[in-house]
Amino acid sequence: MSDTQALVRMLNQIAANHSYLDAAGAAQATAAHVVRFWTPQMRADLQADSREGLSPIAAVAADLLAN
Amino acid sequence: MTCGRALTPYSAEAALAVIREHAGLRGPLLPVLHALVKTFGYLDPSAVPLVAAELNLSRADVHGVVTFYHDFRTTPAATHEIRICRAEACQSVGGEALVASASAKLGVPVGSTQGPIALTEVFCLGLCGLAPAAQIDGQPVGRLDQSQLAGLIDGLQASTA
Amino acid sequence: MTLLKEQDFGTPAVASDREVTVNIDGHDVTVPEGTSIMRAAGLAGCEVPKLCATDSLKAFGSCRLCVVEVEGRKGTPASCTTPVADGMVVNTQSEKVAKLRRGVMELYISDHPLDCLTCPANGDCELQDMAGVVGLRDVRYGYSGENHFDEPKDESNPYFTFDPTKCISCSRCVRACDEVQGTFALTIAGRGFDSKVTAGAGESFLESECVSCGACVQACPTSTLQEKSVIEIGMPRRTVLTTCAYCGVGCTFKAELAGDQVVRMVPYKDGGANEGHSCVKGRFAWGYATHKDRITTPLLRESITDPWREATWEEAIEFSARRLKEIQAKYGVDSIGGITSSRCTNEEVFVVQKMIRTAFGNNNVDTCARVCHSPTGYGLSQTFGTSAGTQDFVSVESSDVILLIGANPTAAHPVFASRMKQRLRQGAKLIVIDPRRIDLVRSPHVQASHHLQLQPGTNVAVVNALAHVVVTEDLVDHKYVAERCDPADFAMWAEFISRPENSPEQLEAATGVPAAEVRAAARLFATGGNGAIYYGLGVTEHSQGSTMVMGMANLAMATGNIGRVGVGVNPLRGQNNVQGACDMGSFPHELPGYRHVSDDAVRETFESIWGRELVSEPGLRIPNMFDAAVAGRFKGMFVQGEDIAQSDPNTSHVQAALGSLELLIVQDLFINETAAFAHVFLPGTSFLEKDGTFTNAERRINRVRPVMSPRNGKQEWQVVSELASALGYPMHYDQSSQIMDEIAALTPTFAGVSFKLLDELGSVQWPCNAAAPEGTPIMHVNKFVRGLGRFIPTPYVPTDERANRKFPLILTTGRILSQYNVGAQTRRTANVVWHSEDLLELHPHDAEERGIADGAWVNIASRAGETAMRARVTDRLPVGVVYTTFHHPISGANVVTTDNSDWATNCPEYKVTAVQVRPVTAPADVAAALSSEPVSAGIG
Numbered sequence: 005m006s007d008t009q010a011l012v013r014m015l016n017q018i019a020a021n022h023s024y025l026d027a028a029g030a031a032q033a034t035a036a037h038v039v040r041f042w043t044p045q046m047r048a049d050l051q052a053d054s055r056e057g058l059s060p061i062a063a064v065a066a067d068l069l070a071n
Numbered sequence: 021m022t023c024g025r026a027l028t029p030y031s032a033e034a035a036l037a038v039i040r041e042h043a044g045l046r047g048p049l050l051p052v053l054h055a056l057v058k059t060f061g062y063l064d065p066s067a068v069p070l071v072a073a074e075l076n077l078s079r080a081d082v083h084g085v086v087t088f089y090h091d092f093r094t095t096p097a098a099t100h101e102i103r104i105c106r107a108e109a110c111q112s113v114g115g116e117a118l119v120a121s122a123s124a125k126l127g128v129p130v131g132s133t134q135g136p137i138a139l140t141e142v143f144c145l146g147l148c149g150l151a152p153a154a155q156i157d158g159q160p161v162g163r164l165d166q167s168q169l170a171g172l173i174d175g176l177q178a179s180t181a
Numbered sequence: 024m025t026l027l028k029e030q031d032f033g034t035p036a037v038a039s040d041r042e043v044t045v046n047i048d049g050h051d052v053t054v055p056e057g058t059s060i061m062r063a064a065g066l067a068g069c070e071v072p073k074l075c076a077t078d079s080l081k082a083f084g085s086c087r088l089c090v091v092e093v094e095g096r097k098g099t100p101a102s103c104t105t106p107v108a109d110g111m112v113v114n115t116q117s118e119k120v121a122k123l124r125r126g127v128m129e130l131y132i133s134d135h136p137l138d139c140l141t142c143p144a145n146g147d148c149e150l151q152d153m154a155g156v157v158g159l160r161d162v163r164y165g166y167s168g169e170n171h172f173d174e175p176k177d178e179s180n181p182y183f184t185f186d187p188t189k190c191i192s193c194s195r196c197v198r199a200c201d202e203v204q205g206t207f208a209l210t211i212a213g214r215g216f217d218s219k220v221t222a223g224a225g226e227s228f229l230e231s232e233c234v235s236c237g238a239c240v241q242a243c244p245t246s247t248l249q250e251k252s253v254i255e256i257g258m259p260r261r262t263v264l265t266t267c268a269y270c271g272v273g274c275t276f277k278a279e280l281a282g283d284q285v286v287r288m289v290p291y292k293d294g295g296a297n298e299g300h301s302c303v304k305g306r307f308a309w310g311y312a313t314h315k316d317r318i319t320t321p322l323l324r325e326s327i328t329d330p331w332r333e334a335t336w337e338e339a340i341e342f343s344a345r346r347l348k349e350i351q352a353k354y355g356v357d358s359i360g361g362i363t364s365s366r367c368t369n370e371e372v373f374v375v376q377k378m379i380r381t382a383f384g385n386n387n388v389d390t391c392a393r394v395c396h397s398p399t400g401y402g403l404s405q406t407f408g409t410s411a412g413t414q415d416f417v418s419v420e421s422s423d424v425i426l427l428i429g430a431n432p433t434a435a436h437p438v439f440a441s442r443m444k445q446r447l448r449q450g451a452k453l454i455v456i457d458p459r460r461i462d463l464v465r466s467p468h469v470q471a472s473h474h475l476q477l478q479p480g481t482n483v484a485v486v487n488a489l490a491h492v493v494v495t496e497d498l499v500d501h502k503y504v505a506e507r508c509d510p511a512d513f514a515m516w517a518e519f520i521s522r523p524e525n526s527p528e529q530l531e532a533a534t535g536v537p538a539a540e541v542r543a544a545a546r547l548f549a550t551g552g553n554g555a556i557y558y559g560l561g562v563t564e565h566s567q568g569s570t571m572v573m574g575m576a577n578l579a580m581a582t583g584n585i586g587r588v589g590v591g592v593n594p595l596r597g598q599n600n601v602q603g604a605c606d607m608g609s610f611p612h613e614l615p616g617y618r619h620v621s622d623d624a625v626r627e628t629f630e631s632i633w634g635r636e637l638v639s640e641p642g643l644r645i646p647n648m649f650d651a652a653v654a655g656r657f658k659g660m661f662v663q664g665e666d667i668a669q670s671d672p673n674t675s676h677v678q679a680a681l682g683s684l685e686l687l688i689v690q691d692l693f694i695n696e697t698a699a700f701a702h703v704f705l706p707g708t709s710f711l712e713k714d715g716t717f718t719n720a721e722r723r724i725n726r727v728r729p730v731m732s733p734r735n736g737k738q739e740w741q742v743v744s745e746l747a748s749a750l751g752y753p754m755h756y757d758q759s760s761q762i763m764d765e766i767a768a769l770t771p772t773f774a775g776v777s778f779k780l781l782d783e784l785g786s787v788q789w790p791c792n793a794a795a796p797e798g799t800p801i802m803h804v805n806k807f808v809r810g811l812g813r814f815i816p817t818p819y820v821p822t823d824e825r826a827n828r829k830f831p832l833i834l835t836t837g838r839i840l841s842q843y844n845v846g847a848q849t850r851r852t853a854n855v856v857w858h859s860e861d862l863l864e865l866h867p868h869d870a871e872e873r874g875i876a877d878g879a880w881v882n883i884a885s886r887a888g889e890t891a892m893r894a895r896v897t898d899r900l901p902v903g904v905v906y907t908t909f910h911h912p913i914s915g916a917n918v919v920t921t922d923n924s925d926w927a928t929n930c931p932e933y934k935v936t937a938v939q940v941r942p943v944t945a946p947a948d949v950a951a952a953l954s955s956e957p958v959s960a961g962i963g
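Residue numbers (our numbering), protein chains in the order written: chain L, 5 to 71; chain X, 21 to 181; chain F, 24 to 963.
I should point out that these hints are in silico values taken from the structure, not numbers from a laboratory. Remember, predicted model here, so these are calculated numbers, not experimental data. Wrong hints could be hidden among the right ones.
[Unchecked claim] Facing chain F, from chain X, some residues (calculated, C-beta under 10 Å):
no. : residue
1   : 72
2   : 80
3   : 81
4   : 83
5   : 84
[To be verified] Residues of chain L clear of chain F, computed beta-carbon distances all greater than 10 Å:
no. : residue
6   : 27
7   : 53
8   : 54
9   : 55
10  : 63
[What the hints assert, rightly or not] Sample of chain F residues with no beta-carbon within 12 Å of chain L, all distances over it, derived:
no. : residue
11  : 105
12  : 507
13  : 785
Note that beta-carbon positions come from the ideal geometry of N, C-alpha and C, so glycine has one too.
My request is simple: use the sequences and hints to build the entire structure.
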């Protein structure tokens, strides 16, 4: 699995585990988790990639992280 | 001893059935062991791990109890058993001589448990008032003398011939 | 110190609210009601002669040596079985009892070899002592009567000998195996003169149920059960108190030495975690420390295809520093990082993470907790505010219902398991949640009330179902929740967990656990009294490991089971210092004391003491390090005491990552699978040479004291200090106590800790600071560390790893008693007699379907790789699940494990791998499956 494929998978997993929240809340929680635990390089790699393969919540989280 | 009682040939399946029948009792180990001896005439050593597993004890637990009691014999029993008391009261009225003559007549040493007739000793049957005392196939006998003993032995030998 | 022998008070301590005062030989002594005369006498300094009594065991009353006279009472009662009464007056010595005691000794000695001077127990024999104490002069029975001098020895156990000729049938060994260890492997066979200590049903010790814990050897007053090392070497002359380096129980040992040679390791009675007990590994398997495979000189090579060459420390440090700097110049400051060891001391770990943050200039530091209990760290800090267990081990003595999830303590934490079994035999109830029928489900004298035998990967579903029952059947401890927990969080969670999709009935198909069983177990836990949860890697090593930890925390809070003795959420931490390694800030996102690197105030404290600006962004976790290495961006690594090439999942990926590094520095005891990829090998120290502290699963900080000087010439923290200095960050300590002082200065939860305090108190459980100067046995007593406990909903997200046509079985992994983790230590000891190879366990149905016989060779394949090992057919597993261990590199179980991991922490999903198993008929197939000859094969 390539580096970015792994990141996509991880992001989807984090999002899925926040499914008890509403969509906005889940996306926010996912983004917050990434900021807390991912290196800047990993976050940059995620942004450099297309949003392909991301679940809906994960895609919103990725957008939140872009800012 | 079996005293002509019908015994079941030993098998693990049969043993398990016996064990399970009594396993629900409170303090089941002794009743289970008694039942196994009664059914098969003796406790096959391979039954020890079966008993342990069913009662959730260790093999050591079961082995310790089995080896403590003489009646939990681990080899097939004789058909008949003559058990003579050698405690002090019976000794004082000639018990030892009875032991000697039984041993001579049967041609086996005291403590022998194989063969058609086992000859064993016991220390006090609680029949001191009727000494010398003995058990013949589990039946207590009091005021035993040489000729009565010889007659009993003849009877047993005839039945096993 | 000179040889330490703790006083033996004869019978165990008794707890009571009432006290009584008795007079013994003219001395008044006040003791708890229920104390035996013997113990009271010992406390008053008037020891009574004894043989069958020892204070780790209940009184037995068989030897009749301890008879005393009690004023106003007839006869001569045994002081071990007689409790004191208020106002009692006791004489432990009189002509009458002296005569009786001499008589007893005469009987013993009439059937005992008189070879004291050449006997291995000479100098440490209670029979010898008692003969002296009672004034035995002659034995009127002579020595030519019936005796036991012809009994053969049993030398089957690799570590101790059983010599029945010396036995006095005191039964201490049998009782130790029963009462302390809980294995019941020994008995007295026969009766009267023929009484004989026997293992199993008349088996040798090795064949019997004995697990070689050595409690019987320790309890034996004569040379009957004797350590082979004592037989070989002789009696020890001095003691060093130290801590075991195997598991997270952290037993305190007396290392008993002759010079700097260890003669034997004896558990210390006042050990906070173990109170005088141990397992086979700690007590006997320490020989690896002086094994011939130990590397004691630094090794260097330019390329990993070159052979190793020996080097001086200066060369090795210079080479390492220069190459690390070159790599950073070429690839960037984030292109290097390191891993701290969970087996090394707190001090050694602290300096490695300090070096990485200062000298490397990044936060690329991680530790092996990543692959075991990182979800514990995440889950418990989210819900309670602290990432550690809530209790001490003694707490289990007050538990009424024990919920054991994904752990096998009789194998992995044996001394704690013995304690748990003591409590279970007293009547506490046990619920086991595990795909395997572990020993605790049913073994002599212990039986679980419920075994929820779930499908691997469905933990969260089961814990949700349990919580669903608690909430919907109104078994919640509302008073507790209202006082102690956040009400909004609770309301959200209660609504979530009450949904029908979280009911036992709806989850039955996924979990494989009958709904009725789940309901019964939930009711038992919620209403059975003190409920305590104990768990292990069967919880954490899953794609929802963190979720499961939170699920258990939710259950504990809902039932009011946090904040006092007898309850709690207890992670059974695997390694001797994995708790400590985490505490010491070995995580890429946290500084020591679990504070996020982005916290400016915290970072400034460190910056001011360390004199360097620190990075505020998280660094790489171990799995991310491997991914970055394969991507060409991570090029240099310092690995302290961890064999990632054997222990981490998805071996081919790890090998690819390590192979791509331009510099790998390994600091370890032996050449291992990881060292095959290294350019620098820095020899480390074993626990027998270390001077520092380990922190166990109870948060208990124990001292590790050196027994011998470092065989490699340097302490590991000295090596790391020199490397940091060579990299441009001057680091120097004169002794390791200074490192602990620095830790205390920087970490509020450790503020009160110092070597001096530890010498005084023996050990201390953190937090230890002004608020708790003697440490903290139970956490969250009045409130949670984060204030109010936080309920967090835990949706069940099934793992991606499912059985399919190609890989129809699920592989789960675990540990066994005699071997430890990758086996680097235990494979180099006699423990290999018990587990010389890893085996694949499978259910008879699955075996039959494939034509696999017990003991046959099989190939196991997953989408990650394949390997071969021999099969063991057993019904301990459910149909469809197979199991193996990871102790031997030659079978390399991790070749088949995958890169799936926990969503929050990337803890690998070792416990769920879809595999196929097929019989392997020809040896050639086996060789093909074993891809490369492991470096350390053939050891032991």
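Hints, verified against the model:
no. : hint : result
1   : 72   : holds, 7 Å
2   : 80   : holds, 4 Å
3   : 81   : holds, 6 Å
4   : 83   : holds, 4 Å
5   : 84   : holds, 3 Å
6   : 27   : holds, 14 Å
7   : 53   : holds, 13 Å
8   : 54   : holds, 18 Å
9   : 55   : holds, 19 Å
10  : 63   : holds, 17 Å
11  : 105  : holds, 62 Å
12  : 507  : holds, 22 Å
13  : 785  : holds, 38 Å
Figure legend: structure checked against the earlier numbered hints; every hint is met.
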